[in-house]
Amino acid sequence: MGDKRFNRRNFFKIVGAAGVATGTAALLPKDAIFAKSRKEGKGGLSQEVRPGELDDYYGFWSGGHSGEVRVIGVPSMREISRIPVFNTDVASGWGITNESKALLRGRAGGDTHHVHGSYKDGVYDGKYLFVNDKLNNRMARIRIDYMEVDAIVDVPNIQGAHGLFPQRYPRTEWVVLNSEFQTPVPNDASNKKAFDNPQEYYGMHTIIDAEKMEIVCQVMLDENCDLAATDYQGKYSMTTSYNIEKGVTISEMLASDYDYMLVFHWGRIKKALAAGKYRKVNGVKVLEGRKGRSDIVLRIPVPKNPHGINISPDGKYAVCCGKVSPTVTVVELDRIDLAYAGKIKPEECIVAQPYVGLGPLHTTFDGRGNAITSLFIDSTNVKWNIAKAIEAEKKGKEAKKENPHIVDVLDIHYQVGHIMATMAETREADGKWLVSLNKVSKDRYLNVGPLKPENDQLIDISGEKLRLVHDSPAYIEPHDCIMVRRDLIESKVKHRYEMFDHPLAVTKSGVERKGKKVTIRMTANAPVYGLQEARVKKGDEVTLIVTNHDEIVDLSNGVAISNYNINFVIAPYQTKSVTFTADRPGVHWIYCTNFCHALHLEMRMRLIVEV
Amino acid sequence: MSKCFVLLILFVNLYGATLEAGQWKFAEHRYKYKLEDVLEADRFVEKDRYWEAYKNQDLAGYVCLSKDWTRNLVGYSGKHMETLIGMNTEGVITGVKLIFHSEPIVLIGLKDANYLKFLKQYPGKNIRKDMTVGKEISVDAITGATVTAVVQNAIVQKTAREVALRTGLMNVSKRLGRTVRQEFTPLTWKELVETSAVRNIVVPAEELGIEGPEDFLNLYFGPATIPSIGRNLLGDQVFEETLGKLAKGESAIVIFSNGNGSFKGSGFARGGIFDRFNIEQENRVYIFRDKDYRILTDIKAEGAPAIKEGGVFIVRGGDFDPARPFKFNLILSYRVQTKKEFRSFKVEYKLPDRFLE
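Top line first, the protein sequences correspond to chains A and B. Numbering (this note's numbering) for the first sequence: 1 to 611. Numbering (this note's numbering) for the second sequence: 612 to 968.
Think of the hints as simulated: they come from the structure by calculation, not from any bench. The structure presented is a predicted model; accordingly, all values stated were derived computationally and were not measured.
Computed cross-link-like contacts, EDC-like style, restricted to lysine to aspartate or glutamate with a CA-CA straight-line distance of at most 16 Å:
id: 1; chain 1: B; residue 1: 950; chain 2: A; residue 2: 408
id: 2; chain 1: A; residue 1: 442; chain 2: B; residue 2: 920
id: 3; chain 1: A; residue 1: 537; chain 2: A; residue 2: 583
id: 4; chain 1: A; residue 1: 277; chain 2: A; residue 2: 288
id: 5; chain 1: B; residue 1: 951; chain 2: A; residue 2: 402
id: 6; chain 1: A; residue 1: 514; chain 2: A; residue 2: 540
id: 7; chain 1: A; residue 1: 442; chain 2: A; residue 2: 411
id: 8; chain 1: B; residue 1: 951; chain 2: A; residue 2: 411
id: 9; chain 1: B; residue 1: 859; chain 2: B; residue 2: 932
id: 10; chain 1: A; residue 1: 465; chain 2: B; residue 2: 822
id: 11; chain 1: A; residue 1: 442; chain 2: B; residue 2: 901
id: 12; chain 1: A; residue 1: 235; chain 2: A; residue 2: 334
id: 13; chain 1: A; residue 1: 442; chain 2: B; residue 2: 903
id: 14; chain 1: A; residue 1: 452; chain 2: B; residue 2: 901
id: 15; chain 1: B; residue 1: 950; chain 2: A; residue 2: 402
id: 16; chain 1: B; residue 1: 911; chain 2: B; residue 2: 802
id: 17; chain 1: B; residue 1: 666; chain 2: B; residue 2: 647
id: 18; chain 1: B; residue 1: 951; chain 2: A; residue 2: 408
id: 19; chain 1: A; residue 1: 127; chain 2: A; residue 2: 209
id: 20; chain 1: B; residue 1: 919; chain 2: A; residue 2: 443
id: 21; chain 1: B; residue 1: 902; chain 2: A; residue 2: 443
id: 22; chain 1: A; residue 1: 127; chain 2: A; residue 2: 173
id: 23; chain 1: B; residue 1: 950; chain 2: A; residue 2: 411
id: 24; chain 1: B; residue 1: 643; chain 2: B; residue 2: 693
id: 25; chain 1: B; residue 1: 722; chain 2: A; residue 2: 257
Generate coordinates for the entire structure from the input sequences, incorporating the hints supplied.
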């Protein structure tokens, strides 16, 4: 798309002016690259990233029930990497090695929906990513320097751990995690009388300490909690709730004509914690958040069964999507305190409720005062102006009928869930690219059988009109993503591990026996392992620890044990270990699975399990 | 035999243990009905899958239940929308009553009242005349639910016409008996167009009052199973594979287009039904489902243009005859600024003589 030659010319012009003979992107000031490389006039961004060129954004995609996180280059939409999180990855050994098992604690399956980065002053600080597991009710933290999970916190008392959002200001100290399914609290045999009484099921808004990865507290509610958001002042977290009815069937959940946007007052939460106003359930401090029993939660009525909640980059508005209502509800955050103080009614925080189309689910922002909302039923993305929507609301019904706020409508293929614009969840929303994460991709790709890919569509939003630029298939099933300007991440990501960060790093290969327990320590340095053979006896509990000593960046080795269902990969200076019972006598070759050298095939050693 | 039917329907329990996995129970609506709800009469006589209605001993018309005639027409929910239909002896619809549906219109912010309002358009319409969604039948009452509208329209139209044929109210001419020439003649794109083997519908953007330099839609269609048409358009492989998918007496049509507009739309993606086009022959309506469709990405005829969208669509049922004239209905959806609009087009297709024996 677009005239790339023009770009190249511009690009080299800059290089020439700087007097550099062989230009590399790294030599140029970030802003220069950013401003010149892809902008082709208003609304004409080029998606092309030629061989050898780099993308402008790191895209972090949740992998849905694949349990992983994916790293996608934007705008090329090339999948650059996968970060295993709540899954077993037989390629990298996640879920197989002792290190990963210690984090997964026996549950190597999951359902990731939302990935968000840690913040400083409303912009990503490049330190962490946080991701939920709706299946097993936990939250993982990914350290961006190694792009790997370093902590997982299990969250008791909740189910359907769905909406997740980190604190944006002044920095991410807390992360909130919502429970979408109401359950008895506690949900165990001690409370069995509640099993058949949905009135005794509760939702929870969980607050997690981002650094310690420990639960700070939970706020207990009658309502369920769907999507989550935090403001830009460090004062509130928010959620939508679609089941204030405490229904357990679809009909019951659809019964009420309204539901809520819930606001949580962090100052009051801290106060309640300090005052000891909580009870402990499964070791977690549970605060009372139910209506009439607590001053922590503000309930703003919105049309029934809302879905997404997103905060405008200027920090002024929360936008709740109507889902079964063809409207979005715009809440002015400056009014929240007035409502908490009882000076206005909660519903008076609403400043507009414009029509957007059928099935609004999520909203994102271009940083120029416009919002873009995904419409599931209409199969469109609609761009609308926030100020115009508020103005029309003030003018009244007749003005609203004209829908003066709607700027453009774009058909997508086919059923959109989340949408996200570049940097849209930060103060620095830049209005360049939008990704529409669509379900159902009939016709868009070669047929690969009954289970077809999802369809992520890339849309240029730099102009007035939304312009569809590219389709990319996604294996089941990303839900949400963020796209982070590369300069915020690039310098934080490392090429190699610190060898001695791992307490078991091996510098000298050898076999050590303590009774029935055998430890095999081994270096790897392509194309040889530190040992040519290791002998154990049938029935021994064997721990194999391998450290990659290769000096060359990107030279990883694999370690596969024939017939023992074990494989993992070690990057330069990385150490991984596995423990297994040597229950099969015989000669078992341990071999390198990750191509490493001209003699890669010869990189193997014998594990001899003696009778 | 004089008796007044009062059919009592068991109400489905919307709540609790009767919920079945995967059913649209939450969207289900079932209504009680009496035959006189759709046709005023003092006596109904049950016939084979319809009733004769009498008023003062005179035949006043007919009443029928759609599920007896068009059960295979299913909506977005995958279920048939059971409809009670009445018409007088002139073929004028006297009443239409929805008895059961589970279309999830609640999800698009619509109430059942909207659906019932949609159906209020039918009384007074003569079944001999055109009843096309977007033309004679407006979708305004249930905007957004075009799959529901198109299928519901087909149900009313086809059921009423089938009953009219049965009662002799309408006649269907027997197949003309002309046979399609099986001999294959290679034809270029130019020849296919000039001989009217494929028909063309051009919708200029200007005509719709929308921006865009090119034609909003430039669409071609033709019968895919006529050797000198289908084989030239589709190439040997797709042509033969298409024939291989047909049951005895079945046929297929090929449709393709260029322009910003789309004849496929997106309704089929989730609803399984193509809601922007259908064909009619001898008062029968044929709507197309995704399972009877194959994507077409290029036209093989020499000199054919590149296409943006295309498909081969099987006409199921075995009562469609490509050798006889048929009508192609296009219900085009587009936006003027940000407002959604519909425009319908009806084009007749007549197989040129050179393709017949």
